[in-house]
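All chains, please: the whole structure from these sequences, using the hints.
There are 2 protein chains.
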Amino acid sequence: MRDVAIIGIGMTDFGELWHDSLRDLFVKAALAAMDDAGIAHLDSMYVGCMTPGLFTGQEHIGSLLADYLGQAPVPATRVESACASGGLALRCGFFEVASGASDLVLCGGVEKMTDVSGGRATYALATAADQDYESFHGVTFPGLYAMIASAHMAKYGTKREDLARVAVKNHANGLLNPHAQYRMPVTVEQVLSSVKVADPLNILDCSPITDGAAAVILCPADKAKKLAKGRAVKILASAHATDTIALHQREDLTWLKSTAVAAEKAYKMAGLKPADVDFAEVHDCFTIAEICVTEALGVVKRGKGGEAVRSGYTARDGKFPVNPSGGLKSKGHPVGATGIAQVHEVVTQLRGEAGKRQLKKARRGLTQNMGGSGGSAVVHILEVMR
Amino acid sequence: MRDVAIIGIGMTDFGELWHDSLRDLFVKAALAAMDDAGIAHLDSMYVGCMTPGLFTGQEHIGSLLADYLGQAPVPATRVESACASGGLALRCGFFEVASGASDLVLCGGVEKMTDVSGGRATYALATAADQDYESFHGVTFPGLYAMIASAHMAKYGTKREDLARVAVKNHANGLLNPHAQYRMPVTVEQVLSSVKVADPLNILDCSPITDGAAAVILCPADKAKKLAKGRAVKILASAHATDTIALHQREDLTWLKSTAVAAEKAYKMAGLKPADVDFAEVHDCFTIAEICVTEALGVVKRGKGGEAVRSGYTARDGKFPVNPSGGLKSKGHPVGATGIAQVHEVVTQLRGEAGKRQLKKARRGLTQNMGGSGGSAVVHILEVMR
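In order, the protein sequences belong to chains A and B. In terms of the working numbering, the first sequence is residues 1 to 386. In terms of the working numbering, the second sequence is residues 387 to 772.
Quick list of in silico lysine to any residue cross-link-like pairs, SDA-like style, CA-CA up to 25 Å:
#1 A:K268 <-> B:M387
#2 A:K273 <-> B:D429
#3 B:K643 <-> A:D43
#4 A:K265 <-> B:D489
#5 B:K643 <-> A:H41
#6 B:K414 <-> A:Q249
#7 A:K265 <-> B:Y454
#8 B:K620 <-> A:A101
#9 A:K223 <-> B:M387
#10 A:K257 <-> B:D429
#11 A:K265 <-> B:M387
#12 A:K265 <-> B:A426
#13 B:K609 <-> A:S99
#14 B:K659 <-> A:D43
#15 B:K609 <-> B:L417
#16 A:K234 <-> B:G486
Read the hints as simulated data drawn from the structure, not as lab findings. It should be emphasised that the depicted structure is a prediction, and the values quoted were computed from it without experimental measurement.
Structural data, given as structure tokens:
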């Protein structure tokens, strides 16, 4: 396998972007990434998108977006693993470059979610849960993550305030991210007094409905230094794992097995331990998710995810910053784009281009992108190329 | 890149399978392929499926199907390119094995289409056309292919009867395929007098709505001979190309550019000419499609696709048999499964296991799987390993 690097990144602002269609959003992010890489032509492209059929009545978007990007007849493949679709698009492009079949591959993600009503958006998102055993009976994702939160609080003594602190931390980070949907600080009191969604989760524990797109450009690592003029980032590891998509089939509701398995594989592939990584962008679709994810990644011990946020361990100036971009919670969560937007942030930090939210130590970063309530997880480890 | 081979195949019967859910269908086909390969464990899997969200309310099917197949936590990736989703699943698995990342990869396809009404199925399929410029205005696929047929008839003098002969030939083949949905002969007169769908196409010019699944097992070619006990088939070429998904943007309605580009790449990759291939399984979603595809593949000259079926050139006992399985027309067209079912037939023929429909000369075969009205195309060339 050839080593693979990222030589360009681009993303749209995240938010309720009523003037931009799905194709507009993707093309903006893709062109920004191509401009950043200094290239005008692709060998191939991958698009992560969860459910354009239910959100916009449009499937077949690989070809559609290749055409609108001016790149047809290049191969263009859409991949889907619910909210982990973006991470998976990067992984598929990684294989194509690693195999030697292609040199310049764009991996993008996009979701246009605000063209439908809130109820239809909730239905569309619930297709990531088990239709026969979960969604059909009326449970949607806030309810599923509320069960995980309740189990975590009961098993480990995690406090309601710890959940709120994840939102407080990530909003504080997102405040400094010009692409973020919700650039506003929130306090523990505001989270605790915001409207109840599914006990114990309130609205400020939940990531929002968002339009947006992001893209990165891959090439073989041996060509990256020259092409990227010293700004290339190497993909040290790409790993993916699955789990039951239905919660009731799991041994332990609080343990995100797909993330744990993917992380273990990624550390092995990179020859690293969790302590060798400086920071991470993780899938905080709900506040409890970030707590469980830091445990599954081995960043903190099992059951200690709440304590980590309480003590400031995962704060921007903490020992292991988590979600310096603002995370899904503040930056927004256009589901298919999220996995690529995480990579956008890690590359920005590794390049030292993150402005006011720049981390002091950013040599190696990790991304963790998750589908549904953990039915799938994709982990990448990135390192700046000197 | 490592050479890649197919060491196992499996498929369900195709038809209106009301007792089988999406997950049942996939698991049956996948287990059949794993049994055929003599393996119990996978390194990774890919699933081609067009729109399970609109057909069954279920996305995130990569993880779901890995779980129901007893393979979680293996990586499982769903890919989509409308009706070319199956072919694309094979291509993604091909890269993963070729790259050296994995040895045993399952590539499957599935679609469960009969759980919704005919109108909702037509809407779901129309998401493969351009929502903004085609579907929104009421045109669906029979209408789009009717325009292609009218243009072909006007430009090349193709006769209405030539279209009908594609159906007659493919039903004659499907009659001998125990997996086929419509195992009945049809005559030119029956096609011409069947109910009109979109002038000039009648119902017997159209492939049906179908439930079904198919799967193949890939491994590195150097391990295939031993594993497959002399029944391995090598993938000589895998190619994919895109085109505008909207018909009005094309220079020539009768020319399937994505197929032509993918075929050219595939011949180059294999170091072959069209004449070096013995037979093909192609995407006859409508009778006119097979005519245009044989031209784009270089099997016949441009404009001569109608003549080829009229003269018997593409018949089962002709010089270049096309769709010995019965094609989408008679075998059925569960859209996400079709690309893999084509490979199932080619492998069956190359192994000499096709029973009453066995071709006399079957050393190398080609598959051509197409999305929408040609917005994407995937071509594979397979050869028996001696």
